[in-house]
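From first to last, the protein sequence lines stand for chains A and B. Numbering of the first sequence is given in my numbering, commencing with residue 169 and proceeding in unit increments. Numbering of the second sequence is given in my numbering, commencing with residue 492 and proceeding in unit increments.
Honestly, I wouldn't trust all of these hints.
As the list claims (entries may be wrong) - Derived lysine to any residue pairs resembling SDA-like cross-links, with alpha carbons at most 20 Å apart:
1. A:K408 <-> B:L529
2. B:K628 <-> A:M588
3. B:K634 <-> A:L400
4. B:K619 <-> B:F629
5. A:K355 <-> B:E514
6. A:K355 <-> B:T512
7. A:K355 <-> B:K612
8. B:K628 <-> A:A358
9. A:K355 <-> B:A513
10. B:K612 <-> B:K593
11. B:K511 <-> A:S690
12. B:K511 <-> A:V695
13. A:K355 <-> B:K628
14. B:K628 <-> B:I611
15. B:K628 <-> A:R323
16. A:K408 <-> B:K628
17. B:K628 <-> A:R398
18. A:K355 <-> B:E638
19. A:K309 <-> A:T324
20. A:K665 <-> A:M588
21. B:K511 <-> A:A358
22. A:K408 <-> B:A633
23. A:K309 <-> A:V255
24. B:K521 <-> A:L400
25. A:K408 <-> B:F625
26. A:K355 <-> B:L529
27. A:K408 <-> B:E638
28. A:K408 <-> B:D631
Unchecked claim - Some chain B residues close to chain A (C-beta under 7 Å, calculated; not the full set):
29. E522
30. A537
31. L622
32. G623
33. G627
34. N641
Worth flagging that the hints you see were computed from the coordinates, not collected in a lab. Cβ coordinates follow ideal geometry from the N, Cα and C atoms, glycine included.
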Amino acid sequence: MAKTTAHGDNYINFEKGIWSWLTTVDHKRIGLMYFITVMFFFLVGGIMALLLRLELFAPNAAPNVGQILANGDVYNQVMTYHGAIMVFMVIVPGIPAILGNFFLPLQIGAKDVAFPRINLLSWYCFMAGAALAIATFFTTKIDTGWTFYTPYSIRTGTATAMMVLAAFIMGMSSILTGLNFIVTVHKLRAPGMTMHRMPLFIWSLYATAILQMLATPVLGITLLLLAVERFLGIGIFDPKLGGDPVLFQHFFWFYSHPAVYIMVIPAMGIISELITTFSKKVIFGYTAIAYSSLGIAAVSFFVWGHHMFVSGQSETTGIIFSFLTMLVGVPTAIKMFNWVATFYKGSVSFQSPMLYALGFMFLFAIGGVTGIMLATLPIDVHFHDTYFVVAHFHYVMVGGTLMALMGGYFYWFPKMFGKMYNETTARISFVFIFIGFNVTFFPQFVLGAMGMPRRYFDYIPAYENLNKISTVGSWLILIGFLFGLYTIVQGLLKGEKAPMNPWGSKTLEWQTASPPPHDNFSVEPVVTAGPYEYR
Amino acid sequence: MSTDNTAHGAHTAHVAHHFKTAEQQYSSGKEGIWLFMLTEILMFGAIFVGYALYHNEYPAMFAEGAKSLDWKMGFVNTLVLIFSSFTMAISISFIQKNQQKKAVLALATTVLCGAIFMVIKYFEYQHKFHLGLFPGKFLDVAKVGAEHANLGLYFGFYYVMTGLHGIHVLLGMGLITWCLIRTIRGDFHSQYWIVVEGVGLFWHIVDLIWIFLFPLLYLVG
Numbered sequence: 169m170a171k172t173t174a175h176g177d178n179y180i181n182f183e184k185g186i187w188s189w190l191t192t193v194d195h196k197r198i199g200l201m202y203f204i205t206v207m208f209f210f211l212v213g214g215i216m217a218l219l220l221r222l223e224l225f226a227p228n229a230a231p232n233v234g235q236i237l238a239n240g241d242v243y244n245q246v247m248t249y250h251g252a253i254m255v256f257m258v259i260v261p262g263i264p265a266i267l268g269n270f271f272l273p274l275q276i277g278a279k280d281v282a283f284p285r286i287n288l289l290s291w292y293c294f295m296a297g298a299a300l301a302i303a304t305f306f307t308t309k310i311d312t313g314w315t316f317y318t319p320y321s322i323r324t325g326t327a328t329a330m331m332v333l334a335a336f337i338m339g340m341s342s343i344l345t346g347l348n349f350i351v352t353v354h355k356l357r358a359p360g361m362t363m364h365r366m367p368l369f370i371w372s373l374y375a376t377a378i379l380q381m382l383a384t385p386v387l388g389i390t391l392l393l394l395a396v397e398r399f400l401g402i403g404i405f406d407p408k409l410g411g412d413p414v415l416f417q418h419f420f421w422f423y424s425h426p427a428v429y430i431m432v433i434p435a436m437g438i439i440s441e442l443i444t445t446f447s448k449k450v451i452f453g454y455t456a457i458a459y460s461s462l463g464i465a466a467v468s469f470f471v472w473g474h475h476m477f478v479s480g481q482s483e484t485t486g487i488i489f490s491f492l493t494m495l496v497g498v499p500t501a502i503k504m505f506n507w508v509a510t511f512y513k514g515s516v517s518f519q520s521p522m523l524y525a526l527g528f529m530f531l532f533a534i535g536g537v538t539g540i541m542l543a544t545l546p547i548d549v550h551f552h553d554t555y556f557v558v559a560h561f562h563y564v565m566v567g568g569t570l571m572a573l574m575g576g577y578f579y580w581f582p583k584m585f586g587k588m589y590n591e592t593t594a595r596i597s598f599v600f601i602f603i604g605f606n607v608t609f610f611p612q613f614v615l616g617a618m619g620m621p622r623r624y625f626d627y628i629p630a631y632e633n634l635n636k637i638s639t640v641g642s643w644l645i646l647i648g649f650l651f652g653l654y655t656i657v658q659g660l661l662k663g664e665k666a667p668m669n670p671w672g673s674k675t676l677e678w679q680t681a682s683p684p685p686h687d688n689f690s691v692e693p694v695v696t697a698g699p700y701e702y703r
Numbered sequence: 492m493s494t495d496n497t498a499h500g501a502h503t504a505h506v507a508h509h510f511k512t513a514e515q516q517y518s519s520g521k522e523g524i525w526l527f528m529l530t531e532i533l534m535f536g537a538i539f540v541g542y543a544l545y546h547n548e549y550p551a552m553f554a555e556g557a558k559s560l561d562w563k564m565g566f567v568n569t570l571v572l573i574f575s576s577f578t579m580a581i582s583i584s585f586i587q588k589n590q591q592k593k594a595v596l597a598l599a600t601t602v603l604c605g606a607i608f609m610v611i612k613y614f615e616y617q618h619k620f621h622l623g624l625f626p627g628k629f630l631d632v633a634k635v636g637a638e639h640a641n642l643g644l645y646f647g648f649y650y651v652m653t654g655l656h657g658i659h660v661l662l663g664m665g666l667i668t669w670c671l672i673r674t675i676r677g678d679f680h681s682q683y684w685i686v687v688e689g690v691g692l693f694w695h696i697v698d699l700i701w702i703f704l705f706p707l708l709y710l711v712g
């Protein structure tokens with residue numbers, strides 16, 4: 169496979185030109201390509217979120233800013249795009265496609281993923297799906313919410329079918345990534361790297377990949393059926409023709425509930441890496457953390473019914489799903505307690521990645537506990553489709569996944585680019601995001617308990633003060649992310665040269681140059697001990 | 492173990508740079524294909540679940556729908572596909588024995604069988620359209636003279652299930668043609684056949700799904 173061009177000493181300058189990036193099969197470059205695209209969609213989705221919060225700043229009756237988005241229709245569209253973009257284009261692919269692609273082979277001592285060309289194909293699938301999704305923005309904008317619930321999604325005259333096909337194609341991308349990761353973990357580990365010597369991030373990616381493989385096809389056929397329903401009116405989800413719209417919800421959540429763990433299990437993997445590294449101590453309960461990822465993955469398939477507590481399913485079904493849903497709390501708590509136990513007698517240093525890890529634990533604890541509340545059948549009947557739910561899933565998904573993503577970026581930044589970032593601005597970004605996040609979403613728990621429904625673009629004056637606080641919080645988050653962006657760009661342009669292993673980590677990716685060479689390791693590593701042999 | 496590959500010349504063109512041995516590459520490829528087939532089965536699985544639910548709810552309507560399908564055509568198609576699975580399987584065996592000419596013949600027969608299947612399918616669809624048996628809301632119950640008001644739902648399932656399967660047959664035919672061309676070019680031989688094996692596996696799964704579709708749609712009820 170010898171190329172005739174001059175090769176640089178690392179993957180970034182290995183080959184030159186934009187074409188060499190668009191045709192690359194190097195997992196590190198594909199990871200960076202995902203990084204750029206996903207961050208772009210994150211920006212788009214984030215702007216939409218700010219618009220939504222701005223609209224909700226005051227009730228529309230008030231003679232001021234409460235009418236940013238001309239009317240309810242526009243609000244519904246912006247809300248749908250915010251949800252769809254953030255879920256399908258940011259949080260689901262986020263960690264596995266960016267950091268997973270980049271670090272999975274490095275952490276297990278492989279030269280690449282098992283199927284490099286399929287890896288590139290999955291990026292193109294993602295881009296094609298994303299382009300199709302964005303294209304709907306220029307036709308009849310979709311207004312169904314990201315869940316595409318029937319029968320509304322069949323009746324609305326908007327671009328449901330196109331959006332759903334886009335999600336289907338992005339699902340293909342997700343399947344291909346998951347498949348690649350499973351085979352890579354099974355077949356390409358370095359000599360001596362047994363399954364029980366794999367870093368916990370790999371375990372979490374492995375569990376996620378299983379979820380991607382098992383859940384996404386069902387979403388695929390569901391979305392396909394919805395598209396066919398729109399085009400041909402086949403009747404499967406249409407009560408007029410003898411079909412059942414709730415069947416759509418069953419199919420949809422059979423994927424989409426496991427999907428929330430596709431979003432959060434990799435985040436937990438990153439947190440495990442950060443906590444052990446910055447405590448300078450071997451992680452407490454390695455096997456428990458590793459297998460709890462698989463445990464969460466397994467349980468996640470049996471909990472979808474909690475989305476349908478008020479859909480008219482039988483009480484017994486509701487009780488069973490309530491119980492099963494709470495069961496997810498067990499493996500989650502196992503991780504939480506093991507992380508806390510790792511601090512004990514560790515020498516903890518509060519570098520910015522560690523701050524993000526702590527932020528994750530704090531926010532995820534709140535998100536998890538409110539999840540148990542919502543899993544409780546009678547409480548859910550009261551809170552169903554209120555802002556309490558909105559607050560809960562933002563705590564889990566944003567407070568969980570995005571916190572971990574930011575922590576992961578800063579942790580691995582020196583390895584990815586060979587440069588150090590500015591620690592001060594990184595910490596400032598954390599402080600703003602963390603405080604802003606709580607200011608934004610904590611009031612929404614109260615709003616939900618007071619009865620404010622989700623997805624509404626207007627509300628009664630009684631909810632006004634809390635909504636104002638929430639909107640101000642969204643501006644703090646914006647400032648935080650701008651600081652984060654500044655830190656990354658500043659580090660890229662002016663950062664000092666990073667050493668091979670700035671944090672004193674023990675996992676394999678730190679045993680090669682920063683940034684890594686094209687083939688990852690100049691000498692094939694041989695593993696003789698576990699991943700976290702600190703002391 | 493791994494170091495003496497280059498010495499034996501095993502690290503030739505058909506072993507990608509990130510694999511150490513041909514065996515490692517083969518077993519990785521095989522696992523990847525099986526995992527992909529798993530997703531195919533899950534995808535069809537969901538629609539089978541939907542079929543089972545509605546069949547349970549409207550057994551009489553499903554019986555009426557099944558009556559209007561021509562089981563003879565379906566049966567011929569079943570035989571055609573089973574035979575094509577056989578020719579697909581022997582083509583791999585021929586390649587393993589370096590009998591490329593026989594392999595090409597077997598692969599061509601497989602593609603031909605796929606084409607026959609699609610032609611028969613075309614006539615079936617054509618006949619249904621002629622009778623006005625359209626899916627869902629397009630089926631005019633009064634015009635067709637259907638006993639059950641929601642007969643369109645049955646044909647919704649019929650067209651989606653066979654249609655999705657048909658798309659897979661076409662994809663399979665494309666993939667097998669690609670294998671055929673590469674076999675003629677001499678890419679596959681007794682040391683390297685994983686691509687053909689993967690495509691073959693895909694083809695078997697497509698056949699297998701038909702073997703479930705045929706009795707469910709044509710015979711049950």
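The hints, checked one at a time:
1. A:K408 <-> B:L529: violated, 34 Å
2. B:K628 <-> A:M588: violated, 62 Å
3. B:K634 <-> A:L400: Measuring from Cα to Cα gives roughly 19 Å; hence the hint holds.
4. B:K619 <-> B:F629: holds, 12 Å
5. A:K355 <-> B:E514: Holds, because 10 Å separates the two Cα atoms, which is no more than 20 Å.
6. A:K355 <-> B:T512: holds, 11 Å
7. A:K355 <-> B:K612: violated, 41 Å
8. B:K628 <-> A:A358: Not OK: K628 of chain B and A358 of chain A at ~58 Å, beyond 20 Å, violated.
9. A:K355 <-> B:A513: Holds, at about 12 Å.
10. B:K612 <-> B:K593: violated, 29 Å
11. B:K511 <-> A:S690: holds, 15 Å
12. B:K511 <-> A:V695: The given pair, whose Cα atoms are some 17 Å apart, holds under the 20 Å limit.
13. A:K355 <-> B:K628: Violated, at about 50 Å.
14. B:K628 <-> B:I611: This hinted pair is violated, its Cα atoms lying about 26 Å apart.
15. B:K628 <-> A:R323: This hinted pair holds, its Cα atoms lying about 13 Å apart.
16. A:K408 <-> B:K628: Roughly 9 Å separates the two Cα atoms, so the pair holds.
17. B:K628 <-> A:R398: holds, 11 Å
18. A:K355 <-> B:E638: violated, 57 Å
19. A:K309 <-> A:T324: holds, 11 Å
20. A:K665 <-> A:M588: The given pair, whose Cα atoms are some 6 Å apart, holds under the 20 Å limit.
21. B:K511 <-> A:A358: Answer holds: K511 of chain B to A358 of chain A is near 11 Å, not above 20 Å.
22. A:K408 <-> B:A633: holds, 16 Å
23. A:K309 <-> A:V255: holds, 18 Å
24. B:K521 <-> A:L400: Distance ~38 Å between K521 of chain B and L400 of chain A Cα, so the pair is violated.
25. A:K408 <-> B:F625: holds, 16 Å
26. A:K355 <-> B:L529: holds, 18 Å
27. A:K408 <-> B:E638: holds, 17 Å
28. A:K408 <-> B:D631: With a Cα-Cα distance of about 14 Å, the restraint between K408 of chain A and D631 of chain B holds, given a limit of 20 Å.
29. E522: holds, 5 Å
30. A537: This hint holds: A537 of chain B lies near chain A, its Cβ roughly 4 Å from the closest one there, short of 7 Å.
31. L622: With Cβ-Cβ at 17 Å, over 7 Å, it is violated.
32. G623: violated, 15 Å
33. G627: G627 of chain B check passes; min Cβ-Cβ to chain A is 4 Å, inside 7 Å.
34. N641: Since the shortest Cβ distance to chain A is 3 Å, the answer is holds.
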